[in-house]
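Q: So the chains spell out like this:
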Amino acid sequence: MARAVSTRRKMFITLFAWGIGFLIFFPILWTFITSFKTEAEAIASPPSFLFFDWTLENYDAVQERSNYFRHFWNSVVISLGSTLLGLAIAIPAAWSMAFVPSRATRNILMWMLSTKMLPAVGVLIPIYLIFRDLGLLDTRFGLVVVLTLINLPIIVWMLFTYFREIPGEILEAARMDGAELRSEILYVLVPMAVPGIASTLLLNVILAWNEAFWTLNLTAANSAPLTAFIASYSSPEGLFYAKLSAASTMAIAPILILGWFSQKQLVRGLTFGAVK
Amino acid sequence: MLTPAVVLLLGWMIIPLSMTVYFSFLRYNLLMPGQEQFIGFLNYKYFLTDPAFFAALQNTLILVGGVLVITVGGGTLLALLLDQPFFGQGIVRILVIAPFFVMPTVSALVWKNMFMNPVNGLFAWIAKLFGAQPIDFFAEIPLLSVIIIVAWQWLPFATLILLTALQSLDSDQLEASEIDGAPPLSRFRHIIVPHLARAMTVVILIQTIFLLSVFAEILVTTNGGPGYATTNITYLVYAQSLLQFDVGGGSAGGIVAVILANIVAIFLMRMIGKNLDV
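Sequence order for the protein chains is D and F.
FYI, in the numbering used here the residues of the first sequence are 1 to 276.
FYI, in the numbering used here the residues of the second sequence are 1001 to 1278.
Pulled out of the complex, with its shape left as it was, chain D reads as follows (with noise of 0.2 angstroms):
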């Protein structure tokens, strides 16, 4: 809104709207700040909250402490692993019903949705079934599966509204030069189309990364990804406060910088096109 605003009214909204920013901040703040604590300045009262002596020694003591970095790899693997196939199955998917929508479309697009509504709770338990019976309980491969399967109608229904964007004639074009529908795709539709897909991608990687529902349930030791490992840190023993933070800082960190570049896809993704 290009309007007038007086610099005295423009003051105050600043100092407000800060505040009220920080506040919501702190709690990831802090975090940060007491992962450089001693365990008995984390709990020390009065707390410090810049006059410490600053250090990294709880760093390393996740690590030593159960190997951390196996964890934040297996958070790595199932979110980048599940996203990218998930995208292999979406793009043609998305493609022919951006292009070549036929009345049954709508009715696709709709029912795709619909899955998603699902209740994880609804199929826990054959799920949980099938996975021991195959021998997928704390694997990766098992829940690349399971994390591609809940996040598709999200991915497909980003990847359409974004194709729906593209002029359908550049793509006749291509095919009166006589592309076929392979090439079509290739250099035709995907350069024209990758800007969507690296939204898409992003916005997945951020939704697997912290999904906390199949993590939880379908992994052990082995195939934990950091939303799991992080959970082992609710049985305490002993001091811990600085090293859960030291744990949680890197765990979330990755995904807050990917996150703050994803703010609009944000929006287009999680509501389905029905805010613009």
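Bear in mind the hints are in silico, worked out from the structure with no lab data behind them.
Restraint-style ranges between C-beta atoms, simulated for each label pair: (1) Phe1041(F) - Glu57(D): 56 to 66 angstroms; (2) Pro46(D) - Leu1077(F): 28 to 38 angstroms; (3) His1190(F) - Phe51(D): 50 to 60 angstroms; (4) Phe12(D) - Ile1094(F): 15 to 25 angstroms; (5) Tyr187(D) - Arg1187(F): 43 to 53 angstroms; (6) Glu165(D) - Ile1094(F): 23 to 33 angstroms; (7) Pro46(D) - Tyr1022(F): 57 to 67 angstroms; (8) Phe1038(F) - Trp260(D): 53 to 63 angstroms; (9) Glu180(D) - Leu1077(F): 48 to 58 angstroms; (10) Trp73(D) - Arg1189(F): 50 to 60 angstroms; (11) Trp260(D) - Asp1083(F): 17 to 27 angstroms; (12) Glu180(D) - Ser1171(F): 43 to 53 angstroms; (13) Arg1189(F) - Glu172(D): 47 to 57 angstroms; (14) Tyr187(D) - Tyr1022(F): 47 to 57 angstroms.
Here are the simulated BS3-like cross-link-like pairs (lysine-lysine), alpha carbons at most 27 angstroms apart as the crow flies: (15) Lys264(D) - Lys116(D); (16) Lys1274(F) - Lys116(D); (17) Lys264(D) - Lys1274(F); (18) Lys10(D) - Lys264(D).
Far from chain F, by Cβ distances over 10 angstroms, these chain D residues were calculated: (19) Asp53; (20) Trp54; (21) Ala61; (22) Phe72; (23) Leu80; (24) Ala173; (25) Ala174; (26) Ala179; (27) Met192; (28) Asn222.
Here the structure is a predicted model, which is why all the values come from computation and not from measurement.
Cβ coordinates follow ideal geometry from the N, Cα and C atoms, glycine included.
Since the structure of chain D is already known, use the hints to place chain F on it.
A: Only chain F this time, still in chain D's reference frame:
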């Protein structure tokens, strides 16, 4: 082209779901393998008449309702604030959105230990500063504590969606009303609220879908307790099937959860369908 996606999703939906339906009619306990037996609707009868079910249903409704009130109310105010011109808008927006990207287990444990702990938590210290008795959050107000944590996680989502909707508001209309001398409050009521109504509905419906399945926050903070004080339907089904190994009863509960979610989903699907120009 469509086939792989459709077949996979169809399989994902139909195979496990029909298995759940099938199990829900069996006496089936993992501790007594080979003794499965068809028992009709008995599991449903037990599940729906269990006092734990009523506690869980009530907790689910309070949890969803409480978080919705906080996030939609707070989100509207925050969106209005962030829509004003001020210095460092982008940075404040980043700060406000951040909690959405924190994984549920981290936010639950950080809040439980570093803020809500009655001895070492920051809230206890603040209470003592004012000479008050610190609250033992998870003993005295367990469900409210879970609501606070979950609301913190979802406030950014509501804010972001409502802010996006607010920014698509035609500023000419606002200016015209201002020139016509409409006071701020009636401008809010007659222009902004109707414009936001649609986005609010979307926020409410989408959040409800996710909030019906809150799980990790309960698992790492209270394990559903004390008693059943923080057990929601999702957690009850989990406990029945994977802690008590009662596959039949758990499956019946799972189907009940599916039906509850479907009631919300129907409304959400209609909203989205209206906006889909295919």
